[in-house]
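Asks: Sequence:
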Amino acid sequence: MSISFSMVIVLVVIALLSGVMLALHWRRQRQIRTAIARNLQQLRLLRELLAGFQRHRGLSQGLLAGDQSLRADQEAVRGQLDRVIAGAAEIDARHAEAWSGVIDHWSRLRQGRVADPVNNLQQHHLIIRNTIFLIEDIAAERDLGQGLTEFGYLPCIWREVVQAAEWAGQARALGVGIAAAQASSPEQRVRLRFLHQKIQQLSDTAFTALGRQPLPSELLDLSSCQRTVQELLSCMEQNLLNAERPGIEAKRYFQQATQAIDALLALVDGALAHVQQNQAKPIKPM
Numbered sequence: 001m002s003i004s005f006s007m008v009i010v011l012v013v014i015a016l017l018s019g020v021m022l023a024l025h026w027r028r029q030r031q032i033r034t035a036i037a038r039n040l041q042q043l044r045l046l047r048e049l050l051a052g053f054q055r056h057r058g059l060s061q062g063l064l065a066g067d068q069s070l071r072a073d074q075e076a077v078r079g080q081l082d083r084v085i086a087g088a089a090e091i092d093a094r095h096a097e098a099w100s101g102v103i104d105h106w107s108r109l110r111q112g113r114v115a116d117p118v119n120n121l122q123q124h125h126l127i128i129r130n131t132i133f134l135i136e137d138i139a140a141e142r143d144l145g146q147g148l149t150e151f152g153y154l155p156c157i158w159r160e161v162v163q164a165a166e167w168a169g170q171a172r173a174l175g176v177g178i179a180a181a182q183a184s185s186p187e188q189r190v191r192l193r194f195l196h197q198k199i200q201q202l203s204d205t206a207f208t209a210l211g212r213q214p215l216p217s218e219l220l221d222l223s224s225c226q227r228t229v230q231e232l233l234s235c236m237e238q239n240l241l242n243a244e245r246p247g248i249e250a251k252r253y254f255q256q257a258t259q260a261i262d263a264l265l266a267l268v269d270g271a272l273a274h275v276q277q278n279q280a281k282p283i284k285p286m
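1 is the number of the first residue of the sequence shown in full-length UniProt numbering; add one for each residue after it.
Calculated from the structure, these hints are not laboratory results.
Computed from a predicted structure; not experimentally measured.
Where is the CB? At the ideal position from N, CA and C, for every residue including glycine.
Treat the hints with care, since some could be wrong.
What the hints assert, rightly or not - What follows is a set of in silico ranges between Cβ atoms, one per label pair, in the way DEER data are often shown:
#1 Pro216 x Gln122: 32 to 40 angstroms
#2 Gly152 x Gln182: 42 to 50 angstroms
#3 Pro186 x Gly87: 48 to 56 angstroms
Given the sequences, and given the hints that come with them, work out the whole structure.
Replies: Dropping the structure here:
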């Protein structure tokens, strides 16, 4: 009888310990998911800011080169950025100082007081670089894929894909200025050739790496992105690099480059949606 009672005690203790461990597991998993959700929110905002800053850079360069047809588009982008910034200002984040730096820089840049095209590019490059740094920091802060092999492609998204989009953004800004002015200096052509090479190299690296991964095809359309990026590279070759005078209007070139940038950033959107889908799944038992 004493043995039976002892066994009951042991079983009760085991059950209690199992219950405590299960409760701790669920609590820990909820904490992880909350942290990931917070980082996803920030990454979505930063993706919008990155695209907006890049658009604003290209449009402002075209305006400074004399193409006034871009002014309405610039005002629209400025309004979109203001709305995203307003949402970002409400985030209580661990990266508050970096966020504050981006927000403060935009508050100065949006006033449009920079009249020198070179300085305008430099200021936009700086705010975009800091935005990309913040994306990389937040993406690396947590294991967004929670150790699952199906998310092994994420580092390529935050590095190669985002940076390829930025090289394309720089090519858009420089090319729009050239197309608007209907002329280019030797220095501009050298820089544009460099950007062409960087887009080609980095996008090839990204597409090769992503092509080896079992990607969710409904979220990440790799073949369409490759085709759109190649169309931009061909456009640069034909209309800006191999022509004595630009063979394309500023607005048309802006649209062509934007399609490639949007296609690259759509891969970022797909990755974020993939992580969000995993977040929505029930927490697995221990």
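Asks: State for each hint whether it applies.
Replies: Okay, the hints, checked on the actual structure:
At roughly 39 angstroms, the beta carbons of Pro216 and Gln122 sit within the given window of 32 to 40 angstroms. Taking the beta carbon of each, Gly152 and Gln182 are about 47 angstroms apart, inside 42 to 50 angstroms as hinted. The hint said 48 to 56 angstroms for the Cβ distance between Pro186 and Gly87, and at roughly 43 angstroms that hint is violated.
Checked against the numbered hints given earlier, the structure breaks only hint 3 and satisfies all the rest.
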